[in-house]
Every structure is written in structure tokens, then in C-alpha cells.
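Protein chains: 2
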Amino acid sequence: VSGDAFGVFRRPGQAPRVGVRRGDAVLDVAAVAGALGVPEAVLAAPSLNALMALGPDAARAVREADAPAVPVADVELVLPVAVADYVDFYSSLDHATNLGRLFRPGGEPLLPNWRELPVGYHGRAGTVVVSGTEIVRPSGQRRPGGPGEPGRPVFGPSVRLDIELELGFVVGLPSALGEPVPVDRALEHVFGAVLVNDWSARDIQAWEYQPLGPFLGKSFATSVSPWVVPLDLLAPARVERPAQEPEPLPYLREAPWAYDLALEVELNGTVVSRPNGRHLYWSVAQQVAHLTANGASLRTGDLLATGTISGPGREERGSLIELAWNGAEPVELAETTRTFLEDGDEVVLRGRGRGIDLGEVRGRISPAR
Amino acid sequence: VSGDAFGVFRRPGQAPRVGVRRGDAVLDVAAVAGALGVPEAVLAAPSLNALMALGPDAARAVREADAPAVPVADVELVLPVAVADYVDFYSSLDHATNLGRLFRPGGEPLLPNWRELPVGYHGRAGTVVVSGTEIVRPSGQRRPGGPGEPGRPVFGPSVRLDIELELGFVVGLPSALGEPVPVDRALEHVFGAVLVNDWSARDIQAWEYQPLGPFLGKSFATSVSPWVVPLDLLAPARVERPAQEPEPLPYLREAPWAYDLALEVELNGTVVSRPNGRHLYWSVAQQVAHLTANGASLRTGDLLATGTISGPGREERGSLIELAWNGAEPVELAETTRTFLEDGDEVVLRGRGRGIDLGEVRGRISPAR
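In order, the protein sequences belong to chains A and B.
Positions 11 to 379 (our numbering) are the ones given, in order, by the first sequence.
Positions 11 to 379 (our numbering) are the ones given, in order, by the second sequence.
No lab work stands behind these hints: they were computed from the structure.
A couple of the hints might just be wrong.
Covered, in the sense of this in silico footprint (three residues per stretch, anywhere, with C-beta under 8 Å from a C-beta of chain A), are these stretches of chain B [stated by the list, open to error]:
1) 141–154
2) 258–266
Anything over 10 Å on all C-beta distances counts as not near chain B; from chain A, calculated [stated by the list, open to error]:
3) D14
4) D34
5) G44
6) A60
7) D95
8) R134
9) E144
10) E255
11) P266
12) T280
13) P322
14) E345
15) D353
16) G354
Treat the numbers as computed from the prediction; the structure is a model and nothing was measured.
Even glycine gets a Cβ: it sits at the ideal position worked out from N, Cα and C.
Start from the sequences, fold in the hints, and give me the full structure.
And the structure:
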């Protein structure tokens, strides 16, 4: 994990505290809060929120602290952010195109609004969990016509449990209700980045989502990596992108860019996909500008996820439904294959590149209760 | 407002505190916290959340307190709940049918999932505001084909700004991740009820909502009444309802019921609609059971809104798009008519019945910035 990333750690039997990553250690920065000019309560805290709300200068001072180091192996890493609102976008052109081909074969894969705005929706903030949290297979309704009960939906454990590899951006400084954030000032509100696994039950989602969008198909769990890499440390990965077509409306207009970060999906020890962040069509700055264009405010702790990141190649798809093409082309593992997740499967998402290391987000599927 | 309702009030220049309604006064219960056996910090607090988390017995003791009374006229009422996740359902059969007729003329008005599950989605918790908060007209993209720019969407102030009259239920006791709440224990998690105006920009919503649901068309503001009426005080309004057809799946099955509460929509001084809560098809118990069926947890402060409440009659519709039938039948006011909201318009929603008074939620539209 990149040095200077922020997390929240807990020694056995003690309360959680803010930590700064340094090699294989965590700096216990609350121990030197006084010398940093930061109230101790900001750092002896169960989340990064109070620190993020102080702005980037305070965070920079904290991460440069000369503080006692604790081995990472000796602590538990907890959810680093008290998530305010969680918004999940749909910003990968290849992902949206793949899903359009799968679900509307023969039609135009992209819906008419996709190239005009960063499509997104609100997810469930209360079920965002830290890497390593057990993922219980969700139950729910799926489409009528299942065996045994034609015409009525079937209720039971999901049989199409999937992952979504995403990046997530955490809001530091809030914005005021009624005041849109211009695209060229959007990054002032972004504290840093995490990896996100937006677990998805495709069968539940397919039956419920008309007309108000995904709900229980997504809300059972969303896993994030424990370390938040501050935005300025991502600068070396910032690369230009081809022009957006059509040119976005003025409130979304900027020189196209993305983060060149090599991502990977590991399933039961086999790397099954290697997407890259540079394929994202809409930037986090455009997402912030869009989200606030109607006057909606940002709060410290808002989590903005990119949506599944897929690239143009077959080995660059960020979900199993794409990798296995809706079951038609099972994914090869060491000694078996997968179309969707089985109980006991473990998924690890990683991200790195240009000297940056986002670490990993890990989760194992346990049987439905 | 019903005596014993809970709110949060602020005297000029002072910090917010929990209050209990008693006639035209607010009981300053924090002043007698010690005698109630409740930590003072729970009541000298900016929201009801800490009190709600203690459970119904603590709340009952607090509302029976012999505490100093402050005239309501002397205090400011603030948002009573720190909203955790906000879920908006779609639980009125007449509303869903009306929208189906408007948007899919000639087709089956209800989508196939509507009678099988309480359709819902997550809204933006961070823009839930208290009654009286100015509502700034949102800007956003609307469908291509507007005047001047055929083929590309137009960005500007919404020209189809609407209301949605709803009831909202606030979660008190949380539930554990991975553990569904059975329908017959769901009400143990509900602290009380408020009135909700889910302001909606129909033009923004219509262009953005495929395939992930409403986003900016709703996220600019959601207004709630300042007083939370505890659930047990609503008991006199609980009435039986006709059987649901088809009978719901077992996890949603209960004897059908609803709250007989007379609701009204007042626009610029004219009452334009009188819906009633008894028309809701899905109960809050079914909503809680559905929301948690996939293992999603409840948090103290979650807000579950019913969705627009409409009845079968023309004068019982809970939104302007229904009342004015998508612009075709303008609503008559004292000296003018309305299809959607104009700048300066003021909307007041009220709810009462069976000795219960939910008070009101009020909002005035100010021009786009």
C-alpha cells in the first residue's frame, strides 16, 4: 500500500484510531496530535471523517508526522470512512456496452443518455464494509418462471452472485446545498481513493429494478479497501484520454483524463481479469459536477464509486457476468470454472501503477442463512 | 401536533436539544435528564438518534417527563433525525397505476413486479431538510428535442417541478448485517412517523432514469416535518385493508393493514388534494421485511418513505403530475391554475386523524441560481 495512505486501525481490545501507512507499519498519529496542531479527538477517532473535514493541509501535516509505528500485522483495520451518501456511477464505456449487448441484443448497446451524463444512483451507505468482511449470500425474489412455480417469483438464495471491480472516491470538504460545484473545482472536494467491490445479485436485480433501479440486488454489501490514498498521491497516474463524443455540455466540460491504474480481479487464487482505470469515460470531477448540478450538497464521507471498470479486451472485464458472458463462456480457474460465485469463493481486487499501490479489497462468500 | 411527539429545537443562539411536544409548548427534557435515568448527552443533542437507539422504553420515559416548557413560537425547529439511509418506496397502488397510465398509455399500467414486492430505491440522505427550508429550483439535463438544440439535451432550470406527498417512518433500533427482520417483528425497529415531501423534477428524472433509477430528479431536496410521532401513538389509526392480490410470498405475508390518516396538499393557500394513508398497498412492516430480506442491515436514523400516496379519486392524488394529468388538466387555485410549480409557490402537506396530528411540512420554491 502506498506510504502516506490513511486508514483506521485498532489494537486488540482498544478503540479505533487514525493511522498513516508507512511500509509494513501504521503510524499512530493520534499519539502526536498536539505537536501537529490537530485536536486529539480528530485522530483518536473511529473514522477519517473529522480529519477529512479539516481539509488537505491538515491531512498533509498528519501524514508527515513523526509518530510511533505499529506493525500492520499487529492491528485490525476497520472501515476507514463513516460513509455519508454512497453513489455508484456507471462510467465505463466498455462495461455499459457489454451489458447493453447482453441484455438488449440486436439493439443499440448504449442508452441515449449514457454519453450525455454520468449515469448513477444512490446505493446503501449502511452496508459498506471493510475488506475481509464475510459476504453472506443474499436471498431475494427472482423472476417468475423458475422451476416449480411458473408465473410467480421464487424467493431464495441468489444463484447469480457477482462482483463489480470499481474505484471509489471519498469526499473530504463538503459543499453547500443549492450551490453546484463547477467541474474545474470538483477535485477540491475529493480526499482520496479506495478500491470497491460492489457485490451484485444479478437475478434479484433483474426482477426488481424496473422502474426505480437496483435495490436489494446491491444493498446487501459493498466492500472497500482499508487504505484511502490521498488524491495528490494519485497525480502521477493522471493521464489524458481521447475526446468525449459528443463534447459534453458546458457544466461537464474539461480536458478528458483518467487514472492509469492497473487493476486485477483474483478469484480463488487465479487472476481472471486485468482492467485499467484509464478506460473510464467519465472522470470523478465530472461525476462531482453532475451530482451537484441540481444543487445537491456533498458531505464529508460521501463515497462516489465509478461503476464497474471494464476495458475493451476480453481479459479486461470487471464483472463475472461480462467475463463469462452471462454464463455462456465460463471463466477458467486452476482446476474448475465459474460463471457466478459459489459459496466459499474468495475474491481479491487489487490496484497499482505509476508508483501508487491502492492495496486490496478481499471478500469470501458464505452460504445463505 | 400530537402531544408527546419528538423534535429537536433551538433557542436563539443556543445549541439544539431534544424536545417533546405538549400543546403549544416544547418540553426541554434535557433539563431533567438525570431524573429520567437518561444520559444528558442523549437529550442535549442535535438529533433524536441517540434517544431512538435506546429503544421505546427510554423514549416513553422521556415523553412522560415533567420538564420545563418553552413556547414553540420562541424556538427554531431543526431536522429531527440525522438520516442514515433514505429509502423511498412506491407503495400506493393508485399512484403507480396513474403513472403507468401516463407514461405507458395502452399498456398494462403496473409493471409485473409491483404486486410481488414493495418496489423502492435509495434516495440522497444528505439533502433531507426540515420543513420551512427554502427549495431552490434545480437545474439539470432534460430530453433532447427541446427548442433550440434538437438532438442534444438541454441544461437549465427544471420546468416540471413537482411534489410527492408521502409518509416517512424513522428507524429506531438497528438490525444486524446478514440477518433479515421477519415481517412480524419489523415494527420493533420503527420509532415513529413524519410527513415527507419528496420534491421531484420530472423533466430531469425522465431523461436520466434509465437504467439505474431516479437520481438528480429527486436528490436536490426532500422535506420532512419537524415532529416525529412515536409509533405507539399511531395505533388508533391502524385499520384493516383488503387482501393483497396475489397473496404475497411468505416473507411478506401478514394481515393487511394501513394507517387511516387524512392527508392534504395545500398549494398557495388552496387545498388541492386530500389523499389518505389507508390507501397504501404495502405496509411499513412489509417494507422493512423486504429491505432486510437480502441481509441488509437497518441503522438508527434510516428513513423509509412510502412513496407518493394517492387514492382512487381525482381529488386524492399526491402529486401534481397526477392532479394535472401531466399538464392536460391544470389544477385550479384561487385566481390561477398550475400544472407544475412556479417560483414563489408554497406547498404545505398536512396529516391527521383518529386523534393523531402529524403537523405539517412546508416549502417554498425559490428561483434557480
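Hints, one by one, checked against the model:
1. Using a Cβ-Cβ cut-off of 8 Å, 7 residues of the stretch 141–154 of chain B lie near chain A, which meets the minimum of three, so the contact claim holds.
2. Proximity of the stretch 258–266 of chain B to chain A, defined as three or more residues with a beta carbon under 8 Å from a beta carbon of that chain, is established by the 3 residues found.
3. For D14(A), the condition that its CB be more than 10 Å from all CB atoms of chain B holds, with the nearest at approximately 28 Å.
4. The Cβ of D34(A) sits about 30 Å from the closest Cβ of chain B, beyond the 10 Å cut-off, so the non-interface label holds.
5. No beta-carbon of chain B comes within 10 Å of the beta-carbon of G44(A); the shortest separation is about 25 Å.
6. Distance check for A60(A) against chain B: the nearest CB is about 15 Å away, which clears 10 Å, and the non-interface claim stands.
7. The Cβ of D95(A) sits about 5 Å from the closest Cβ of chain B, inside the 10 Å cut-off, so the non-interface label is violated.
8. The Cβ of R134(A) sits about 6 Å from the closest Cβ of chain B, inside the 10 Å cut-off, so the non-interface label is violated.
9. Not every beta carbon of chain B lies more than 10 Å from that of E144(A), the smallest distance being close to 8 Å; the non-interface claim is violated.
10. Separation of E255(A) from chain B is adequate, the least Cβ-Cβ distance of about 12 Å exceeding the 10 Å criterion.
11. For P266(A), the requirement that its beta carbon stay farther than 10 Å from each beta carbon of chain B is met, with the minimum near 18 Å.
12. Residue-level check passed: T280(A) sits 27 Å from the nearest beta carbon of chain B, beyond 10 Å.
13. For P322(A), the shortest C-beta to C-beta distance to chain B comes to about 21 Å, beyond the 10 Å cut-off, and the non-interface label holds.
14. For E345(A), the non-interface assignment is confirmed: its Cβ lies about 30 Å from the closest Cβ of chain B, beyond the 10 Å cut-off.
15. Here D353(A) stays apart from chain B, with its beta-carbon at least about 14 Å from theirs, past the 10 Å limit.
16. For G354(A), the condition that its CB be more than 10 Å from all CB atoms of chain B holds, with the nearest at approximately 16 Å.
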